[in-house]
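These are the residues of each chain, in order.
There are 2 protein chains.
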Amino acid sequence: MTLAPELRRDTLPLFDTEASIIRVSRDTRWPWLILVPKGAEVSEMHDLQPELRRSFLDDINRSSEILQQVTTCTSINIAMLGNVVSSLHCHVIARAPEDPGWPGPVWGHGEPVWRDDTSLPGFARQVRARFSTIQ
Amino acid sequence: MTLAPELRRDTLPLFDTEASIIRVSRDTRWPWLILVPKGAEVSEMHDLQPELRRSFLDDINRSSEILQQVTTCTSINIAMLGNVVSSLHCHVIARAPEDPGWPGPVWGHGEPVWRDDTSLPGFARQVRARFSTIQ
Chain A
93 MTLAPELRRD TLPLFDTEAS IIRVSRDTRW PWLILVPKGA EVSEMHDLQP ELRRSFLDDI
153 NRSSEILQQV TTCTSINIAM LGNVVSSLHC HVIARAPEDP GWPGPVWGHG EPVWRDDTSL
213 PGFARQVRAR FSTIQ
Chain B
93 MTLAPELRRD TLPLFDTEAS IIRVSRDTRW PWLILVPKGA EVSEMHDLQP ELRRSFLDDI
153 NRSSEILQQV TTCTSINIAM LGNVVSSLHC HVIARAPEDP GWPGPVWGHG EPVWRDDTSL
213 PGFARQVRAR FSTIQ
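Chains A and B, in that order, give the protein sequences.
Following this note's numbering, the residues of the first sequence are numbered contiguously, the last one being 227.
Following this note's numbering, the residues of the second sequence are numbered contiguously, the last one being 227.
What the hints contain is simulated information worked out from the structure, not anything from laboratory work.
Careful: at least some of the hints might be erroneous.
Said to hold, decoys possible - DEER-style ranges, computed between Cβ atoms:
no., chain 1, residue 1, chain 2, residue 2, range
1, A, L99, B, V205, 42 to 52 Å
2, B, T225, A, D139, 15 to 25 Å
3, A, T120, B, E143, 35 to 45 Å
4, B, V176, A, A221, 27 to 37 Å
5, A, D108, B, V205, 39 to 49 Å
6, A, Q141, B, T225, 13 to 23 Å
7, B, Q161, A, T120, 33 to 43 Å
As the list claims (entries may be wrong) - With the Cβ distance kept under 10 Å, some of the chain B side facing chain A (calculated, not the full set):
no., residue
8, E136
9, D139
10, P142
11, R146
12, T163
13, S167
14, H183
15, P195
16, G196
Cβ coordinates follow ideal geometry from the N, Cα and C atoms, glycine included.
Throw the hints in and build the complete structure from the sequences for me.
This is the structure:
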């Protein structure tokens with residue numbers, strides 16, 4: 093499968109699971125993961141085959157749990173929107189009262205602050221390291 | 093369990109499943125469902141027990157599929173945010189290019205246009221009618 097060009101441009105590869113491609117946003121304003129289901133060119137969660145959907149949702153759930161563990165966030169935002177990039181993808185974002193735009197949504201808030209290289213942020217390396225240890 | 097006061101105020105009851113309370117937003121700008129997992133006072137999806145989490149996610153998935161069927165939407169927005177109301181709840185919203193705020197998120201966009209009575213909108217009655225017919 094090919095990743096949507098906007099996702100390829102705006103995110104860095106982190107790791108893959110059996111069901112998902114897990115990437116990290118290049119926007120440094122929030123700890124922000126993006127998950128894409130593997131091998132399915134669909135726009136909506138309900139268009140995934142049930143088995144892949146459950147595995148993809150399990151990966152989202154693990155990502156959420158670990159992102160909360162490795163950040164000092166107040167809440168985790170989980171969203172599948174698809175208004176701009178229609179290929180199905182899920183945002184998992186750590187939010188806190190001191191972050192830009194709190195308590196509003198991150199999408200459309202201000203201007204991105206892009207990471208200027210391809211090094212992975214610390215939270216992303218921690219997520220990758222812990223991912224395989226959680227059921 | 094008690095529903096968060098903001099959810100009680102801003103939504104109308106639609107129907108319950110074994111796992112979820114399904115309500116409809118009183119904001120008439122978008123076809124907008126809100127699902128709350130039953131019997132669990134948690135803030136994050138990953139804090140739900142696995143069985144309830146899967147049933148709750150199945151209900152979200154069915155709601156998404158049916159909402160797309162009964163509206164003329166371009167995409168379904170699914171989101172669990174919790175920045176304002178921390179009790180776990182999931183938004184399922186039908187979006188289209190002609191709707192307010194497209195392609196931005198609905199949260200924080202402009203002022204609500206409240207339904208002034210407790211009658212259910214047509215899309216919500218259709219969702220309720222179809223819900224039991226889908227796996």
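### Message
Hints numbered earlier in the text: which of these fail when held up against the supplied structure?
### Response
1, 12
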